[in-house]
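Chains as they are written, first to last, in this note's numbering: chain H, 207 to 491; chain V, 1300 to 1736; chain E, 350 to 684.
The hints are simulated quantities; they were obtained by calculation from the structure and are not laboratory data.
Nothing here was measured: the structure is a model prediction, and the numbers come from that model.
Just so you know, not all the hints are guaranteed correct.
As the list claims (entries may be wrong) - Under the rule of at most 25 Å between Cα atoms (straight-line distance), these lysine to aspartate or glutamate pairs were calculated in the DMTMM-like manner:
1. H/245 / H/255
2. E/555 / E/615
3. H/245 / V/1401
4. E/555 / E/390
5. V/1548 / V/1560
6. H/245 / V/1391
7. V/1548 / V/1661
8. H/245 / V/1728
9. H/245 / V/1433
10. V/1595 / V/1668
11. V/1595 / V/1584
12. H/245 / V/1387
13. E/555 / E/673
14. V/1548 / V/1604
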Amino acid sequence: MSLLLMAPALLLLLAVFLWPMLDYAWLSLQAQTVFTGLKPVPVGLANWERLLGDGRFWQDAAQTLRFAVVSVGLELLLGLAIALLLHQSWRGRGLVRSLSLLPWALPTTVMALGWRWILNDPNGPINGVMQSLGLPSLPFLASTQLAWLAVVLADTWKTTPFVALLLLAGLQMIPTDLYEAFALEGGRPWQGLRRITLPLLRPYVLIALIFRLAQALGVFDLVAVLTGGGPASSTETLALYAYLNAMRFLDFGYSATVMLGMFVLLLASALLLVLAQQRWRGARP
Amino acid sequence: MQSAALGGSEPGCDLRPAARQAWFAVGLGLGLALALLWGGLAWAGRPTTVRLLMPAPFADATAELVESFNREHRGLRIAVTRGPFETESVSDLAISSLLLGDSPYDLLLMDVTWTAKYAAAGWLLPLDDWLGPEPLAPLVAGARAGNIIDGNLWRVPMVADMGLMYWRTDLMAAPPRTPTELVAISERLQRQGKVRWGYVWQGRQYEGLSCVFLEMLRGFGGNWESSGEGLGTPAATKAASWLRQLIVKGISPAAVANFAEPEALQSFEAGEAAFMRNWPYAWQELQGPSSRVAGKVGVTMMVAEVGEPPAATQGSWGLSVLAGSRHPAEAVQVLQALTGEASQRLLVQRWGYSPTLTALFDDPALVAERPLLPILQNALESVALRPLNPGYAQLSDILQRQLSSVITGELEPALAMERAGRGSQLLLEASGRGSEQ
Amino acid sequence: MINTIASGAGPTGDLRLEALNRRIAGRQILAGIDLAVAPGECLALLGPSGCGKTTILRLIAGLERPDGGRILLAGRDITALSPGRRQVAMVFQSYALYPHLSVERNLLLGMELRGVPRQRRQQEADRVLSMLQLESFRSRRPSELSGGQRQRVALARALLRRPQVFLLDEPMSNLDAQLREELRPQLRAILCGGEAPVVYVTHDQKEAMGIADRIAVLQNGRLQQCGTPQELYASPANLVVASFIGRPQINLLDRGDGSLLGIRPEHLQAVEEGGVAVRVLSREWHGASQQLTVASPHGDLRWITSGAEPINDQLRLGWQLQHEHRFDLDTGLRC
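Take these sequences, add in the hints, and give me the full structure.
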């Protein structure tokens, strides 16, 4: 009976998740390229061999991971700060709360174009300020050291509101009488943050972390518009690489292999996260 | 509407839910049948529609042509889909629809670099049997290349496009001819405080970088062969090295590593630079009201070493009929109209696009109206073609990646070019189009 | 042993509230509240919801600040002190246990915050855990406890605070009726009679009478009467107190001279002659007692009597003069 009730959900899961995965797995064993006239030709594990030896795949994997970890980390810190601020009551809070959602509501491509202009060297507003202060303008998007930070910055700007909102919802779930009991016992507000707020916010942090990591590891449109993966492919992500292989190079077999490789890495990092979470749980008496 | 009226036409009648559903279904069915009938009748009386996907700028430029075509042809209608602005986004849109099977378009305005790829993918209709003998004969020589691949004609060019060097007539008597001269003049003008930068170009990691590089590769005596080879050569290293040195010497800003055409134009237009590499469209912009260099701009070919002919990378946009078109004859008719003399004349006069027909370059009245035409014609004589390989996008990607590393100082030019050469070689071998074949 | 734990760390003394006022958004929540609670005494704040009784508790705790008046604890003016420096312990209606900590950690946290040495923390916690029979639950989370167990943990936490005053905000409201009856004497034994005053907020007059030494009845932010349960029962100061104390509610008869006559249902008795003739409307038989509603010329009356009392149709009810209460019809005051 319960199986029968679950059947529609299982079928849906099968349709939207498992089927494409199997399709990709099959495709990764084919050469289906512009050179084969887009017809699949079985090639065994050739695509996978190529993947293992593809320095670009691994470079992109490292870059994707670096981007995800740094931007999600920043988003959590900033999101928490903003959530704490919005949780207090002050005049104009409602307005600020609505306004702070704006970046999240903006389409990524529009936002990325905006940042491309803001970070423009030498005509963007940031460099305009730098120059008026007598400082040299910075080639944000033309330097391999700065460009990835620019991508992190843009992503943080866009998705921090999402994290903040999620954490704000979490904060609102914490009963105020816990803080009152804590205060009566002699606890100070900053101690309350560490002893009550953070532990009770943990499930929300975890949800934000999983959502954001999954999104950040699959980041595509932001990078495609802001930097196009350059300079010197220093901001290229795995999703962008998979896209290039499919849509530009018409190499569908390898694109599927890159996607699956990316999925394997994603799964591995999710597993690591769960393990870390369990240790975190276990470390507490 | 129909079904709603039927289903609710019995006020006060207390139907049980099942009965009501049955009535609803009957009503819905009747309504659908009527709609289909009406639609079918309307369909039969409608003219054949030829659907055409173009990048936004061309959709705007041809709007007038399309309108008059539709006015003159009773049974035939052109419906233009205004695509995105960026070249690659248009390709993405087209490819997405083509991959889904039934393309909604009959015609596609294609960049020259797409042709080999689309033809190999089987998406294009060979035009040989549809057009008269020697359909490319009326074109200037430089515009003919890139349309016939593996013996078939896949595309007819509508406008030509080529890389040009813009220079400041108020700052020098004559433009530089060699790379060394360009550097020397730039340094002098910068020293004198006349300009902030010497030379602005397209250094972003994208197709434009490959175009810039090809001109310099030719200028240093190398070539990017039609097969895709020629990157791992000393000439390639020289060209890459020269581009890098422009930044090191401060002739080009470090930001050039993120410049596409608009950024270069913006800088040159503001009077910041002595030289700019760009396409013909820039000429019109530079004469506009926002330009600080209007009337002070000359156009010439890219610099080249002594003894090497200067090169202009061929751009050009042309029309192809998609293999899945249900109206190929009508599509060809539209293709001929839009690439014909009257159409090209209007595109030159009104929008400043470069024609491809010899007749227009030779028309004294048109030349008088558009003094740039002889320079464009000259550039078309020494046009440099990017490899006509189905894997071109990937070849170019390999090159862009290595070049971008050179320009940002990540890699030594020799090493980068060696990698580019090896990368292309591997790709060509894997695709069965390597040199050993 | 109980008393040594319940006693505060500092000098103990009585709690005094002087002319407390509280206004929220222009609305008068409390007006001129004067109260005093002696060490070891248990004062119940009784009144309907919204009467201001919880606000009084929060003012004493320092969770809210009064708009006027003073709070004195053991002779010290604590009106301006932060909650953490007042040495008060509060048992919340929800118990406010830290959901992410085990029972033991819930108890240890407060002492840790107050800088109690680690070894003593453990000793104290162990002592209270054993006293309240919580030892076997020490490593459970609050969510894994029953309502009664949670209340004991909250109580344990309050005891460990070693406060100068105990505050309890409807601590029984989340428990079922039977458990409430059981716990009342326990709660009294643990908290009352020590050296700290106890303030107990409830809306249940039965609970207030069962646990408190004195009861303060509140309505609309004003103190109606404060006294022992017996005093409130025997001589309610006004109509509010008269109706709030005693179940079933007191019968009020209009005498037609601008005053009301109050007579409690249990003080009515069947008489052979005199009194008033009544007709039985409804009857609930409870075994030892029975409760009736009867119609009289003065209106319907509630009557409670022995379960053995025979009821016949020709019924007359009377009462003794000493059981009469009189209230002014306009002011509601006893007269």
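Do the hints match the structure? See the list:
Pair hint residue 245 of chain H plus residue 255 of chain H holds up; C-alpha atoms about 21 Å apart against a cutoff of 25 Å. Under the criterion of a C-alpha separation no larger than 25 Å, the hint pairing residue 555 of chain E with residue 615 of chain E is consistent with the structure, at around 16 Å. With a C-alpha separation of about 17 Å, the suggested pairing of residue 245 of chain H with residue 1401 of chain V holds against the 25 Å cut-off. Pair hint residue 555 of chain E plus residue 390 of chain E holds up; C-alpha atoms about 18 Å apart against a cutoff of 25 Å.
Restraint check for residue 1548 of chain V and residue 1560 of chain V: satisfied, since their Cα atoms lie roughly 22 Å apart, inside the 25 Å limit. Distance hint between residue 245 of chain H and residue 1391 of chain V is fulfilled; the C-alpha atoms sit about 20 Å from each other, no more than 25 Å. Between residue 1548 of chain V and residue 1661 of chain V the alpha-carbon distance is near 43 Å, which puts this suggested pair outside the 25 Å criterion. For the given pair, residue 245 of chain H sits about 19 Å from residue 1728 of chain V by alpha-carbon distance, which is consistent with the 25 Å threshold.
Pair hint residue 245 of chain H plus residue 1433 of chain V does not hold up; C-alpha atoms about 33 Å apart against a cutoff of 25 Å. Taking the CA atoms of residue 1595 of chain V and residue 1668 of chain V, the gap is near 18 Å; set against the 25 Å cutoff, the hint holds. Taking the CA atoms of residue 1595 of chain V and residue 1584 of chain V, the gap is near 13 Å; set against the 25 Å cutoff, the hint holds. Among the hinted pairs, residue 245 of chain H with residue 1387 of chain V is consistent with the structure: their alpha-carbon atoms are about 24 Å apart, no more than 25 Å.
Only pairs whose Cα atoms come within 25 Å are accepted, and residue 555 of chain E paired with residue 673 of chain E is accepted, the gap being roughly 22 Å. For the proposed pair residue 1548 of chain V and residue 1604 of chain V, the alpha carbon gap of about 19 Å is at most 25 Å, so the pair holds.
The structure is inconsistent with the numbered hints 7, 9, although it conforms to all the rest.
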